Amino acid sequence: MSDHNSFSTEDRRRFLLASLAAGFALTVRPVTASTIVTDSAGLSVGPVFIPSANGDIPAYQAHPANAGAPLPTVLVIQEIFGVHEHIQDVCRRLAKLGYLAIAPDLFARQGDPRQYNDIPTLQKELVAKVPDAQVLADLDAALQWAARNGGDPARVAITGFCWGGRITWLYAAHNPHLKAAVAWYGRLVGQPSTNMPRHPLDVAAELKAPVLGLYGGRDQGIGLDTVQAMQTALKRAEVANKIIVYEDAGHAFNADYRPSYHAAAARDGWMEMLGWFRRHGV
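The sequence shown finishes on residue 282 if you use my numbering, and the numbering steps up by one all the way, no holes.
The reader is advised that the hints may include incorrect statements.
[Unchecked claim] 20 Å max Cα-Cα, derived EDC-like pairs, lysine to aspartate or glutamate:
1. K242 - D268
2. K235 - E206
3. K129 - D56
4. K179 - D225
Hint data in this document are derived by calculation from the structure and do not stem from the laboratory.
On a predicted model such as this, the values are computed, not experimentally measured, just so you know.
Given the sequences, and given the hints that come with them, work out the whole structure.
Here it is as structure tokens:
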């Protein structure tokens with residue numbers, strides 16, 4: 001007889017899907033009036049489950065409805081706040097441009113970041129417990145899912161924000177099939193740990209895909225000295241790379257739902273990202 005307190009597969013799926021519900025993480029409420037909302041007209045959007053070696057993980061996906069030919073695919077990598085409304089909106093924006101955009105919940109095994117009330121606790125109790133190796137494997141699984149569900153495996157890119165910006169650099173050094181990567185204000189240096197043994201500066205010479213880095217000149221958490229160190233290290237890379245620094249922007253300048261939003265830098269960064277994708281065949 002099964003334990004009445006056991007967590008069934010269906011219960012687990014319902015629990016995981018809660019992390020993709022509409023709305024914003026508690027840590028970033030209230031949202032600002034500048035929040036961009038992209039509708040889903042002409043799109044197929046919603047949650048899916050991605051099979052992986054360590055169990056299914058939920059993801060939010062968006063792509064043009066009734067797409068014929070396989071679509072170029074973009075992995076969208078979350079901030080520390082999870083796959084909340086802003087990340088889902090980024091997916092819809094890309095889908096409106098003809099991409100299959102997919103944002104896997106990369107914290108799913110460790111917890112739901114949307115339920116934390118303050119950033120320090122979220123960082124300590126959840127984010128720090130997520131191993132880079134697990135994340136990279138889950139991103140591989142997400143691209144495999146995309147290839148089976150309308151994505152073109154020959155045209156794949158990645159973009160990520162803050163925590164996801166750091167992951168974007170790491171994934172560009174991990175996957176030789178990636179065509180392009182755009183990292184938004186991702187941390188470049190750090191102390192090695194069991195879960196985070198290497199950082200972007202450590203893998204700069206190992207990049208396998210062209211990377212565009214977008215940074216704020218007034219970012220209080222990512223010093224310009226580390227950006228300059230990365231630019232020096234990137235001279236050893238064998239693939240195209242570029243870092244743009246928006247002098248008047250701070251951290252999270254693309255986060256239109258937060259006071260950190262810098263509209264001019266966000267708009268220019270978005271166009272630079274799209275141009276980088278096109279230039280490298282995605």
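Comparing the hints with the structure gives:
Simply put, K242 and D268 have alpha-carbon atoms about 15 Å apart, close enough for the 20 Å limit, and the pair holds. Annotation: proposed proximity of K235 to E206 holds, straight-line Cα distance about 11 Å (limit 20 Å). For a cut-off of 20 Å, the pair hint linking K129 to D56 stands: about 19 Å separates their Cα positions. Restraint check: the Cα-Cα separation between K179 and D225 comes to about 28 Å, which exceeds 20 Å; the hinted pair is violated.
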